[in-house]
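Engineer: Okay, here's what each chain looks like letter by letter:
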Amino acid sequence: MTIPLTHDEAFAMLPELALGLLAPDEAAVLLAFVQTSPACQAELASLRGAAGAMSSAVPAAAMDGAKKSAMRDRLVSRATASAVSDATGTSDAGAERAATSVPGATTAPPLHLEPREVLPEKHQRVVPGQRRNPALQVLPWMAAAASIGIALAQLRTNSELTAQRDAARAALSSATASATQLSGQLASRDSLVAAMTGAQVRVVELASTARLAPGARMFWDRLSNRWTLITHDLQPVPAGRTYQLWLVTARAEKISAGTFNTDAQGRAVVQATYALAEADLAAIAITEEPEGGSPQPTGTILVAGTPAQTR
Amino acid sequence: MPAWALRTRLSEDAAGDVAIILRMAQGDESALGALYDRWSDGVHALVVRIVRDEAEAEEVVEAVFWQGWQQAGRYTGDRGTPGAWLLAIARSRALDRLRTIRRRRDDLAADDSVFANEPAIGDPLSDLNTNERAGRVVAALDTLPPEQRTVLELAYFEGLSQTEIADRLSQPLGTIKTRARLALRKLRDTLSVLREELTS
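Protein chains in written order, with the numbering used here: chain W, 1 to 311; chain V, 1001 to 1200.
Hints are not guaranteed to be accurate.
Here are some of the chain V residues that sit facing chain W, going by a computed Cβ distance under 10 angstroms [claimed, not checked]: (1) V1048; (2) I1101; (3) Q1162.
Worth flagging that the hints you see were computed from the coordinates, not collected in a lab.
Source: prediction; values computed, not measured.
Idealized CB from N, CA, C, for every residue including glycine.
Working from the sequences, and respecting the hints, build out all of it.
Structural biologist: Printed below as a string of structure tokens:
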């Protein structure tokens, strides 16, 4: 390929990159250049946005209702099962590979346990008309009794082993559920910490307009355009109502950043992603709205902050 | 074009999708069902458009949602709205399947498009609901000259390289490059104009 030596050449090729038209080596060279040019990065992002929007232009083609429903059931069942197997660490990597490399694979068929093989009649020896010593005649009974005893002992042992196995499975299942929960909590915390500690994170304090002192703090990661709001002492709204978070621009646009409710302690963590130039942010506010939120704020501003109240 | 025209503003639908993705990331399998309810028709439509085979498409659709479940913890807002992210996965998966089908038929040698490996992208109409967005994208595509639109569709829905498009259309490679550049920039600008009209 002709390696772009100038900004203009690279800029001109960006549509081909956004559409995936370039060969891998060409794309790699161009991507390396893009990393050095904010203008190219912005252009590429907008072109990819336009290309991606083409997905929306496809006429609707709904699946057959029964197949659609069956697929939904399979997916949810697999997700439930994976939550357990992933946490056990027994087969997560393999199961994941199988799931991705065999699209549409359903869960394994049920295991069929065949009944134990019965000895054919011809193997059951019977020798008629033979006289036996009476003392010796007891021996088969003794042997039979001993066999029964051994069988009973084995049965008891098997039963105990089965019980132990079931107990171990239950313990494993419980531990797995706990590990899954903890893993999810940890991932959530990691995400939260990242959103609040980035180099480009700006903090906006929101103060209450009421006598009680609810408040909130907004962490705005300007690098990833991620907004993380943490409230305190904001009493939960009743059923049918919701809190709604607003970003107010310099042009007085009120942009909804999501609805939420708080817990019994008045706490909530709300995250949203929205690209906004720093100079465009005039204020952040929280109002109480009907459940589901409102296109524009209708309720009183309960908590609000401005960029001046940043640190 | 004003820079603000490309800002991502989340619609109520998209905000709801973000909440679903967060639940999925925390292992809530019912959230996968909710995402499926909201997006299975859209994903199915895109996949059918690309692979053009209902049975193949159904397998791909299931794989798309399974991948979404597995990667929900890695979703970030810079990958676009959840819908854009999911459709990007769907397109990538469907193109992979299409290439497999083609190889199976010995119609086409394997190729590797870097696009499939790129992160999902932002949608300039992300604040519109699905029907509104579809209508505006169709309207924007309709403004393109047919020869430019064809290049876009062959690239996007069939994953062809520009050399393959040139062969398919019996046109010089340079012509295909020019059409692709003009077409995508015009589509982007038209979408932005529609975006501005909507907000004004």
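Engineer: For each hint, tell me whether it holds in the structure or not.
Structural biologist: So, going through the hints one by one against the coordinates:
no., hint, result
1, V1048, "holds, 5 angstroms"
2, I1101, "violated, 13 angstroms"
3, Q1162, "holds, 4 angstroms"
When held up to the earlier numbered hints, the structure conflicts with hint 2 and nothing else.
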